[in-house]
Amino acid sequence: MAKYKFEIKEINRFNKALDMLTKSVPNGLLKAFKMVMLDLIARVKKLTPVGQYTDGRVGGNLRRKWSLGSIKNTGNSIEGEIFNNTEYALPVEEGHKTRSGGFVKGRFMLKQAMSQSERDIVNTMENVVQKIVDKELK
151 MAKYKFEIKE INRFNKALDM LTKSVPNGLL KAFKMVMLDL IARVKKLTPV GQYTDGRVGG
211 NLRRKWSLGS IKNTGNSIEG EIFNNTEYAL PVEEGHKTRS GGFVKGRFML KQAMSQSERD
271 IVNTMENVVQ KIVDKELK
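Heads up: the sequence shown begins at 151 in this note's numbering, then just goes up one per residue.
Hints in this document: simulated from the structure, not taken from any laboratory. Treat the hints loosely; a few may be bogus.
Claimed, not checked - Computed cross-link-like contacts, EDC-like style, restricted to lysine to aspartate or glutamate with a CA-CA straight-line distance of at most 16 Å:
no., residue 1, residue 2
1, Lys255, Glu243
2, Lys184, Glu276
3, Lys181, Glu276
4, Lys215, Glu229
5, Lys261, Glu243
6, Lys184, Glu268
7, Lys261, Asp284
8, Lys261, Asp189
9, Lys173, Asp284
10, Lys215, Asp169
11, Lys166, Glu286
12, Lys285, Asp169
13, Lys195, Glu243
14, Lys184, Asp270
15, Lys215, Glu237
16, Lys255, Glu244
17, Lys181, Glu229
18, Lys184, Glu229
19, Lys166, Asp270
20, Lys196, Glu237
21, Lys181, Glu231
22, Lys261, Glu244
23, Lys173, Glu268
24, Lys184, Glu231
As the list claims (entries may be wrong) - Taking CB as the label site, the calculated pair distances span:
no., residue 1, residue 2, range
25, Asp169, Asp189, 41 to 49 Å
26, Asp205, Gly251, 21 to 29 Å
27, Thr204, Leu180, 41 to 49 Å
Using N, Cα and C, we set each Cβ at its ideal position, and we do this for glycine too.
Please model the complete structure; the sequences and the hints are all you need to start from.
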C-alpha cells in the first residue's frame with residue numbers, strides 16, 4: 151500500500167486571508183453602500199421639482215430636505231434609509247387630490263431615482279467585494 155504525504159505551505163496564508171475577508175468585506179460593503187445612498191440622494195434631488203410661485207418667489211425646500219438616515223448591516227443584508235421630512239413630500243411623490251376635486255399626478259422622483267440606481271448599486275457592491283477579495287488573497 152502506497153502512502154502519500156501532502157504539505158500545503160500556503161494554507162496558513164490562505165486561512166489568514168479568509169479571516170481578513172470576513173472582517174474586510176462587511177466594512178467595505180457598508181462604506182460602499184453609504185456612497186451609493188449618497189449618490190441616490192443626489193439623483194432624487196435632481197428629479198425633485200422646485201416650486202414656482204405667482205409672486206416670483208422660487209421654492210426648493212422639498213429638494214433641499216432629502217437626507218440620509220441610518221444604514222444598518224442586518225447580517226444577511228444592508229439596509230439604508232432616505233427620507234424627506236417636509237409635510238408635502240409624499241403628496242408630491244405619489245400625487246394628490248385638489249380642493250376643487252381634481253387630481254395632481256405624482257412626480258415619483260424617489261421611485262425614478264431608485265430605478266435609475268438599481269443596476270449601479272449592484273455593480274458597485276460587486277466591484278467592492280471583488281477588490282477586497284483580490285487584495286486579501288494576493
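Structure-based check of each hint:
For the hint linking Lys255 to Glu243, the alpha-carbon distance of about 9 Å falls within 16 Å, and the restraint holds. A distance of roughly 15 Å separates the Cα atoms of Lys184 and Glu276; the hinted pair therefore holds under the 16 Å criterion. Distance check on the hinted pair: Lys181 and Glu276 sit about 13 Å apart at the alpha-carbon level, within 16 Å; holds. With a CA separation close to 20 Å, the supplied pair Lys215 and Glu229 exceeds the 16 Å bound.
A hinted pair counts as satisfied when its Cα atoms are at most 16 Å apart, and Lys261 with Glu243 qualifies at roughly 8 Å. Between Lys184 and Glu268, the direct Cα distance comes to roughly 14 Å. Compliance with the 16 Å bound is thereby established for this hinted pair. With a C-alpha separation of about 35 Å, the suggested pairing of Lys261 with Asp284 is violated against the 16 Å cut-off. For a cut-off of 16 Å, the pair hint linking Lys261 to Asp189 stands: about 14 Å separates their Cα positions.
With a C-alpha separation of about 15 Å, the suggested pair Lys173 and Asp284 falls inside the 16 Å cut-off, and the hint holds. The hinted pair formed by Lys215 and Asp169 fails the criterion: a straight-line CA distance of about 41 Å is larger than 16 Å. With a C-alpha separation of about 9 Å, the suggested pair Lys166 and Glu286 falls inside the 16 Å cut-off, and the hint holds. A hinted pair counts as satisfied when its Cα atoms are at most 16 Å apart, and Lys285 with Asp169 qualifies at roughly 13 Å.
Between the alpha carbons of Lys195 and Glu243 the distance comes to roughly 12 Å, so the proposed pair stays at or under 16 Å and holds. A distance of roughly 13 Å separates the Cα atoms of Lys184 and Asp270; the hinted pair therefore holds under the 16 Å criterion. For the given pair, Lys215 sits about 11 Å from Glu237 by alpha-carbon distance, which is consistent with the 16 Å threshold. Of the pairs offered as hints, the one joining Lys255 and Glu244 holds, with about 7 Å between alpha carbons and a cut-off of 16 Å not exceeded.
Between Lys181 and Glu229 the CA atoms are separated by roughly 12 Å; this keeps the pair inside 16 Å, and the hint holds. The hinted pair formed by Lys184 and Glu229 meets the criterion: a straight-line CA distance of about 10 Å does not exceed 16 Å. With a CA separation close to 31 Å, the supplied pair Lys166 and Asp270 exceeds the 16 Å bound. Of the pairs offered as hints, the one joining Lys196 and Glu237 is violated, with about 19 Å between alpha carbons and a cut-off of 16 Å exceeded.
For the hint linking Lys181 to Glu231, the alpha-carbon distance of about 15 Å falls within 16 Å, and the restraint holds. Between Lys261 and Glu244, the direct Cα distance comes to roughly 9 Å. Compliance with the 16 Å bound is thereby established for this hinted pair. Restraint check: the Cα-Cα separation between Lys173 and Glu268 comes to about 26 Å, which exceeds 16 Å; the hinted pair is violated. For the suggested pair Lys184 and Glu231, the alpha carbons sit about 10 Å apart, so the restraint of at most 16 Å is met.
For Asp169 and Asp189, the hinted distance range of 41 to 49 Å is not satisfied, since their beta carbons lie about 31 Å from each other. For Asp205 and Gly251, the Cβ-Cβ distance of about 26 Å falls inside the hinted range of 21 to 29 Å, so the restraint holds. Distance hint for Thr204 and Leu180: a CB-CB separation of about 46 Å, consistent with the stated range 41 to 49 Å.
When the structure is compared with the earlier hints, violations turn up for hints 4, 7, 10, 19, 20, 23, 25 and for no others.
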